[in-house]
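Chains as they are written, first to last, in this note's numbering: chain W, -3 to 272; chain S, -3 to 272; chain P, -3 to 272; chain C, -3 to 272; chain R, -3 to 272; chain B, -3 to 272.
These are computed hints drawn from the structure, not numbers from a lab.
All clues given are correct.
It does not matter which identical chain is meant; a pair holds if it fits inside one copy or across any two.
Derived BS3-like pairs: lysine-lysine, alpha-carbon spacing no greater than 27 Å straight-line:
1. Lys186 <-> Lys270
2. Lys270 <-> Lys173
3. Lys39 <-> Lys161
4. Lys173 <-> Lys121
5. Lys186 <-> Lys161
6. Lys226 <-> Lys123
7. Lys172 <-> Lys270
8. Lys202 <-> Lys226
9. Lys186 <-> Lys228
10. Lys173 <-> Lys123
This structure is a prediction, so every number in the text was calculated from the model and none was measured.
There are 6 protein chains.
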Amino acid sequence: MEIPSQVSAFVQRALEEDIGHGDITTTCLIRENARSRAAYIAKSDFILAGIHFCNTVYELIDPGLRFIMLAKDGTHVRKNDILAKVSGSTRSILLGERASLNILQRLSGVATLTMNFVKKVRGTKAKIFDTRKTTPCMRFMEKYAVRVGGGNNHRFGLFDGILIKDNHIKAVGSTKKAIDAIRGRNHLSKIEVEVNTLKAFTEALKAGADIIMLDNMTAKEIEQAVNMSKGKVLLEASGGITLDNVRDIAKTGVDFISVGAVTHSAAAADISLKIQ
Amino acid sequence: MEIPSQVSAFVQRALEEDIGHGDITTTCLIRENARSRAAYIAKSDFILAGIHFCNTVYELIDPGLRFIMLAKDGTHVRKNDILAKVSGSTRSILLGERASLNILQRLSGVATLTMNFVKKVRGTKAKIFDTRKTTPCMRFMEKYAVRVGGGNNHRFGLFDGILIKDNHIKAVGSTKKAIDAIRGRNHLSKIEVEVNTLKAFTEALKAGADIIMLDNMTAKEIEQAVNMSKGKVLLEASGGITLDNVRDIAKTGVDFISVGAVTHSAAAADISLKIQ
Amino acid sequence: MEIPSQVSAFVQRALEEDIGHGDITTTCLIRENARSRAAYIAKSDFILAGIHFCNTVYELIDPGLRFIMLAKDGTHVRKNDILAKVSGSTRSILLGERASLNILQRLSGVATLTMNFVKKVRGTKAKIFDTRKTTPCMRFMEKYAVRVGGGNNHRFGLFDGILIKDNHIKAVGSTKKAIDAIRGRNHLSKIEVEVNTLKAFTEALKAGADIIMLDNMTAKEIEQAVNMSKGKVLLEASGGITLDNVRDIAKTGVDFISVGAVTHSAAAADISLKIQ
Amino acid sequence: MEIPSQVSAFVQRALEEDIGHGDITTTCLIRENARSRAAYIAKSDFILAGIHFCNTVYELIDPGLRFIMLAKDGTHVRKNDILAKVSGSTRSILLGERASLNILQRLSGVATLTMNFVKKVRGTKAKIFDTRKTTPCMRFMEKYAVRVGGGNNHRFGLFDGILIKDNHIKAVGSTKKAIDAIRGRNHLSKIEVEVNTLKAFTEALKAGADIIMLDNMTAKEIEQAVNMSKGKVLLEASGGITLDNVRDIAKTGVDFISVGAVTHSAAAADISLKIQ
Amino acid sequence: MEIPSQVSAFVQRALEEDIGHGDITTTCLIRENARSRAAYIAKSDFILAGIHFCNTVYELIDPGLRFIMLAKDGTHVRKNDILAKVSGSTRSILLGERASLNILQRLSGVATLTMNFVKKVRGTKAKIFDTRKTTPCMRFMEKYAVRVGGGNNHRFGLFDGILIKDNHIKAVGSTKKAIDAIRGRNHLSKIEVEVNTLKAFTEALKAGADIIMLDNMTAKEIEQAVNMSKGKVLLEASGGITLDNVRDIAKTGVDFISVGAVTHSAAAADISLKIQ
Amino acid sequence: MEIPSQVSAFVQRALEEDIGHGDITTTCLIRENARSRAAYIAKSDFILAGIHFCNTVYELIDPGLRFIMLAKDGTHVRKNDILAKVSGSTRSILLGERASLNILQRLSGVATLTMNFVKKVRGTKAKIFDTRKTTPCMRFMEKYAVRVGGGNNHRFGLFDGILIKDNHIKAVGSTKKAIDAIRGRNHLSKIEVEVNTLKAFTEALKAGADIIMLDNMTAKEIEQAVNMSKGKVLLEASGGITLDNVRDIAKTGVDFISVGAVTHSAAAADISLKIQ
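Could you build all of it, start to finish, from the sequences and the hints given here?
Listed below in structure tokens is the structure:
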């Protein structure tokens, strides 16, 4: 539920990057009044995310184009599925092809990898979260793709969530002092503290943290923390989470598992635009 | 060799995305005049790319920071290597941490994957090229990272290279007509034609293409094309290229191999910023 | 602790608005190399806020100017106090005069009114908060001025705090359903609910709200709510708060009192720039 | 009669400030296809100004919304009057609520205060003018609100009117020299000179000023100036004008009275949006 | 075939420059609901270019206006020909008058001068090209006008064509080394070399240039170069080309003649807007 | 005396237009640490205007460059005069060459043509003025060049001067009504009326115009108007003014002569940058 200008400003820049002063091939070869129909086709299996952004791409190029979505975000599409159709000026369709695919492929890749993590933890209490390790300038789109893939969003940036890290604690002297300092000035936010030892965890617990992030700790340590916390705080596991170890982490009873890879290392989904 | 404003406009947006109206944790906990030193440390082995962009991040946040690069782009860095140091206001360092890492990790990931492809084709004539399948709005940075990784850049966008595709040929009637139409209006560019059969290849060859892209063709077909062309045109293999099959393609004698994966599916390099 | 670009973008627009294609009087009358010293002087008593933004104004006009702050934000300045001095090109000083004063006068006005509310509630537990009723496009500056005046900031916008209002509750059916729906999708934020009757208050209390905003309720009703809550939730009084009634509200034992007037109806502080 | 892009650029920034990456409460609680009707309702008596800017707010959020104005700018509205209605997507209405109210409340506040000054001088020759003491970046809107309230606009900025002040005169040596210097280079504008003594007034009169601003002078002095000028120049009173003293100033026979307070110290009108 | 945002961003800036905070004459004199019809009329003979940009001007001012083109770009219009009609709000038409005329007059001037050069070389093999000597920020429009006038576009900027000049050659040591260095890193572009002596021409020919620019050479020298090249490279004459000497240059058999004057020294076509 | 951001925003766009994602020739051939000195050299005689804008070009590209002006704006430079020198990174100098020359050549062309008109009217009372017929988005630069060439500036845009034209008069009914309507709402501006017959002139004179523009009238008619006005109003001749007829117009005794050609049809001055 953002304002449309944010999406269109991003898409506009993506188009300018790709098109610059014009498509020099198409201008020579395709007549101005040529018309076509084209289809977005899945070339492999994946979770679709961002199909409506393709519509934004075309609206910015040519309001005369007609774009019809044939699959919804979140659908598990199969190879050869038709995802959407676009019809109208051939020139306009070709102008928007690459920019729309680059967005759609990346977001579907993020949603698909997120879903793979989500499936791994099914049956446990743990929820998959993203991080701030996103593609620069695409965070709002990638966090959306994480939700489409069944994941949850951690704080959007430095401005909308409190996360006390090592450096903050050192600067004030102790976890307790850090939490007190925040409570004295920010009354409306939950306070999360990052720890990487059980000792630090105990301090954070005593100091009254609302959420504790267990960073780069083993499944065994995490389990101990879960037992020690007795449900009084929310626990988040973070750092070095992979598809191989995520289920073991989830089984510890931790509440959240945050995974940088879902945004920083997702491979693009394979999609193509075919003019018919 | 771009103008500085392009880099700083991108970095500015990345910072605004992450910082918004301010870092609410750090503002409460770190005094305005606190000073620190911090180091960028490799957490795995990779090819470094984009370290000077971290400098841009800090210049935009606080001209009082001092940033020293300790490794050059293109270096094969090892786990635990220190890549750069930054010193000055603790608040400013923390503000730039995530944005600088997100850029550096992605570009180093692109350079590393590119280098892996480049190594695979060593000893052959083939050069590795990128495509337009880049992260929206980061193309100039990612194409730079491809060069750092030993790769070559294909056209930057629709505006700076002629590439005649299927749809263009259909629109005009034949490859010959398409090439002639371009030659009549654009005298300064080489003309590349995309083909996906040997029949189409032969037509493009006869029609006088300067470069022919062999799209999604088998190594065997590519080899035939190489033989048929007798060095009269440049040949580019494209589509479905992986680290597994790239050497076989390279051995056919093709001139260029273009790989979308180097930009759309590179995993981020693992790097962290440690305050000392 | 924002990034400098946000401040300078705002100041830039303010300068363009006032200066346009140039100061047609000064260009004719003041020589390019004329030099002056000028002083910002308080024309009445007030709490100073935003003096460093005047520096930003001059940096954008002419890096050759020298700006020296003589009073800090938060100081209770007296009529005729010198707040800052600026020296250098006379033309540049005149260009920045009005824009810098317009910012400084407004922010000092906000800080002063905030402080008046803060003083009224001294000795009680209540803290003064601002609202989203700020001057369009100046929110980050005005929220800063509120803090300078001893007040606290409520959420910055719709994006960084949960506030369930009447319309939200109607849409889902009950306060309980609304809180549960949020808890299912947002695990990191405190949940605030706005109520305007004791009945609604009781529902919110039972439903597990973290903070309850008592909107437009009488001091008596607020007192009842305080008693009923037994410290289990944070209570915020809001709506129709004035300098006349704020102390009565504060004495009820409520935790926060939010006041739209501190930003939407503060009179500007009286300040002038005198060239010496 | 501005170009639409100026209004929409301002409104866009106001929306981005308030909404950021999205309304996190509403996204969870209100379904995408929920529809509502809402009304803008006066909570006190005031002069309405800026109602059409609310339309701009909604157009930028969602072209599917329907906005109907029920009162015109300049109307003296009464408590409980319905000013406008908006219907369509509930989510979209909630997104635009605060930004539209913040604009409307401020502008109506400016118009109302202006009208109060205008009423005070009724029956005299004097006209009420605004100044450049406006909210940064809102000048075009606030000067509009002044006109709605029955006031007149002084120069918009440094670029569209000549006003010779003390510093200018000192720089050139005398009022005469200043006026001559301007006449030699600017043939199309009227020349206004600011004076704060009768002696300076006499000089300006002799030197051939078109308009003379009597700054911070007493009603008695102003009256003398009026008598001395014998209608040969336009006279403007300025500085320290309040609702208490404006009528006395007006009775002196001065042509214009400029009042900074109408833009820098107007209290916001009280307006709310009720969803029905 | 650019993206619409590029045109509208330029036109928007042109409108802001001319209109600023509003048309102060028209606002006073023309009622908001007044309607008119107006016609764009040629005041002399010229080649029309850019008529559709007038449409963009009006779309940005007021979507309610109706704009009808009566002549196409490229038409040789005669004095008193009606080029287009616009009808709707009188205020809106007057707002767009000057900005639209300034664009149309300049572009038609460019097209007309280009056509004069094109006519001069008719019957020869030579084609007329533009240069990068364009009006800052209007290059995409002016290069379009050159094409409308029958000319061809040279590279758009430094980014989309290789042109090795004197300084480049000096830096590397020889023309051969320069060409080899480029070939080693850029495989997709033709390489053009600028020479100003026959000696340098011979070197460039041997070194394998694709195109050679003969800069400021006499018709006689150019003829020699044509003979020496035997059709192996494309030859471009450049520097000091005027309507007086262009035919002599063209008769040498050179392929291209590039003329800075068509963009940097074209006189505006005479066009006016008449309200009926 | 503008704010620096206006100049740099324009120059930035000019650089982006020319450089895009980089200078592909120079990047290959010039080493990053190569250094050069270069000189701006006049290739013909002209009035220099805009030399300091070249400095802005280089500051935006590379703050390490050193730019030294050797001639001042307004100087009548001779062929082969050195106008400025720039030294530092060879790459940076080459990046700024074309953009700086394009600005300098155009502005010097405008100043030179203006000076030619000014010289023609020497010894008469008439002053040369510009119009709004300027290059879109370059008005502030071109109006500056007019002043450098000894000309005067007419209003900058629709926002800073009253000019009543035919259409305005028709809309209100008579010149008198138009002037009265303006006087009732704008007290600070002089009122100019455009007329194209002596009859209309007489009306405007009676109606109390401050300035009357005699549009497309013959020298004889203008002389009559001069006689009729008896110095009571300022008279401006406009329309169809050329170097051939301007002196005859000037001799009529008219105050101002406005000439569109000085900005819309000035040929560029011939200047080159030589690397030494």
